[in-house]
Amino acid sequence: MTTALERPLEQRVMTGRFPPTGAVAAEQATLLLADGHHLFRSGLGALLDREEDLAVVAEAAGGEEAAAAAARVRPAVAVLGLEPEQPDGPALARQVQQAAPGTAVLLLVPALPRTAELRRALVEGAAGVLLKDVQAAALIAAVRELARGGRVYDPRLVLDVVRTGQAGPLSRRELAVLGEIAEGSTVREAAAALSLSPGTVRNYVSAAIAKTRARNRCDAIRIARECGWL
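Quick note on UniProt numbering: the sequence shown kicks off at 1 and runs consecutively.
Please keep in mind that the hints were generated in silico from the structure rather than gathered at the bench.
From the three backbone atoms N, C-alpha and C, an ideal C-beta is built for every residue, glycine too.
Treat each hint with caution, since some may be false.
To be verified - The following label-pair restraints were derived from C-beta to C-beta distances:
no., residue 1, residue 2, range
1, G63, S195, 42 to 50 Å
2, N203, R50, 48 to 56 Å
3, R151, R225, 18 to 26 Å
4, E189, E226, 22 to 30 Å
What the hints assert, rightly or not - Derived lysine to aspartate or glutamate pairs resembling EDC-like cross-links, with alpha carbons at most 16 Å apart:
no., residue 1, residue 2
5, K211, E226
6, K132, D154
7, K132, E83
8, K211, E83
Could you build the full structure based on these sequences and the hints that come with them?
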């Protein structure tokens, strides 16, 4: 059976998120590349620009520069490379999505993220997550899939989610405490309801905030709800 990616370009259903005909052909998917390493970014650009249906229209070193470039060129796909010292990929995906709501975000991560990080990436705007050691052909196919409005995740990431389960990083006690507070209970009320001391409740709240990388308890509750843990 012929797959969508194997059909001729003119037979593919495009997403309509491309700029008018001009410097970029109407049938080309426009791309933004962002990575802190110039050599990696240049190689990635050369690889993708060889494809007739793909056009790299902007590059950025990452962070705010990537969001600004996305707002300026409104690409069909933003390919964002992450480094070990830059762990908060979901936040970067969210920044780009806010700057250019029609842009599909593909995160290239250096290693298998924790299940919590992957879930945050999904709920905060990343249409795709791949490891940086992805084969060239698979990367090109993924970019095309995102340009058509699809989603692509590295099979190793999906396997990691299945293997580690669906409960997320929070313990049952941490979830119970967040649940009580989400219902409007004070620390003392949550402690009484769960037969815990107020100090223990505060410790569970602090642990939940740290594990979800939240700003505060309200943000931790939001993340837990969006990820389906609460």
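Going down the list of hints, with the structure as the test:
| no. | hint | result |
| --- | --- | --- |
| 1 | G63 / S195: 42 to 50 Å | 45 Å, holds |
| 2 | N203 / R50: 48 to 56 Å | 55 Å, holds |
| 3 | R151 / R225: 18 to 26 Å | 21 Å, holds |
| 4 | E189 / E226: 22 to 30 Å | 25 Å, holds |
| 5 | K211 / E226 | 15 Å, holds |
| 6 | K132 / D154 | 10 Å, holds |
| 7 | K132 / E83 | 10 Å, holds |
| 8 | K211 / E83 | 20 Å, violated |
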